[in-house]
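For the record, in the sequence shown the residue sitting at position 4 is 4 according to the numbering used here, with numbers rising by one throughout.
I should point out that these hints are in silico values taken from the structure, not numbers from a laboratory. Among the clues, some could well be false.
Label-pair ranges, simulated between beta-carbon atoms [stated by the list, open to error]:
id : residue 1 : residue 2 : range
1  : L5        : S81       : 25 to 31 angstroms
2  : S96       : M42       : 16 to 22 angstroms
3  : E83       : R53       : 37 to 43 angstroms
4  : H82       : R53       : 36 to 42 angstroms
5  : S81       : V12       : 19 to 25 angstroms
6  : V9        : L59       : 18 to 24 angstroms
7  : V56       : D27       : 40 to 46 angstroms
8  : M6        : Y80       : 26 to 32 angstroms
9  : I86       : L52       : 32 to 38 angstroms
10 : D30       : L84       : 23 to 29 angstroms
11 : L31       : L84       : 23 to 29 angstroms
12 : K79       : A2        : 33 to 39 angstroms
13 : K79       : M42       : 17 to 23 angstroms
14 : V12       : L85       : 29 to 35 angstroms
Where a beta carbon is used, it is the ideal one built from N, C-alpha and C, also for glycine.
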Amino acid sequence: MAPVLMVLVFIVFLTLSVLNLTVNKNDKFDLYILYGIVMSAMSICCFINYILRPTVVNLFAMIMVICFLLSDIFFVFNKYSHELLIFRLIRNTTQSLAYYFMARYFLLLKNNKRYNKLNHN
Numbered sequence: 001m002a003p004v005l006m007v008l009v010f011i012v013f014l015t016l017s018v019l020n021l022t023v024n025k026n027d028k029f030d031l032y033i034l035y036g037i038v039m040s041a042m043s044i045c046c047f048i049n050y051i052l053r054p055t056v057v058n059l060f061a062m063i064m065v066i067c068f069l070l071s072d073i074f075f076v077f078n079k080y081s082h083e084l085l086i087f088r089l090i091r092n093t094t095q096s097l098a099y100y101f102m103a104r105y106f107l108l109l110k111n112n113k114r115y116n117k118l119n120h121n
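Use the sequences and the hints to build the structure in full.
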């Protein structure tokens, strides 16, 4: 229960910290709140899923979520704090890695379902 609570607190803290950077500088703040809630829920689900069932499929889902979180954090840093080349490079790299791990996740998930169907017949 303690790791789940730590993940929950960390994700909520991270979301509130990033949203705090955009409060006064943004006319689309409502969209950022909605996106933050959706991303936080997806993150919490993936982390808890990996903590409870540590499989390779869940590992790829967790790494995908971490990459999406890092990409979004550096997007906010670049847009609302300082426009630096390193922020754009990190954002683009983590975004590409997130899509790579997303593809790996769905391919492994598809293969596992096919494998499970063959074993249960």
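Each hint tested on the structure:
Taken as a hint, the range 25 to 31 angstroms holds for the pair L5 and S81, whose Cβ atoms sit roughly 30 angstroms apart. S96 and M42 have their C-beta atoms about 19 angstroms apart, which keeps the hinted 16 to 22 angstroms range intact. In this structure the hint that E83 and R53 lie 37 to 43 angstroms apart at CB holds, the actual value being about 41 angstroms. Under the hint 36 to 42 angstroms, the C-beta atoms of H82 and R53, about 40 angstroms apart, fit the expected range.
The given range of 19 to 25 angstroms is respected by S81 and V12, whose C-beta atoms sit roughly 21 angstroms from each other. Range check, V9 to L59: about 22 angstroms between beta-carbon atoms, so the 18 to 24 angstroms window is met. For the hinted restraint 40 to 46 angstroms between V56 and D27, the CB-CB distance of approximately 42 angstroms keeps it satisfied. In this structure the hint that M6 and Y80 lie 26 to 32 angstroms apart at CB holds, the actual value being about 28 angstroms.
Hint check: I86 to L52, Cβ distance near 36 angstroms, so the stated range 32 to 38 angstroms holds. At roughly 27 angstroms, the beta-carbon separation of D30 and L84 lies within the given 23 to 29 angstroms, and the hint holds. Hint check: L31 to L84, Cβ distance near 24 angstroms, so the stated range 23 to 29 angstroms holds. Roughly 35 angstroms separates the CB atoms of K79 and A2, a value that falls within the hinted 33 to 39 angstroms.
The hinted range of 17 to 23 angstroms is satisfied by K79 and M42, whose Cβ atoms lie roughly 22 angstroms apart. For V12 and L85, the Cβ-Cβ distance of about 31 angstroms falls inside the hinted range of 29 to 35 angstroms, so the restraint holds.
Violated hints: none; the structure is consistent with every hint.
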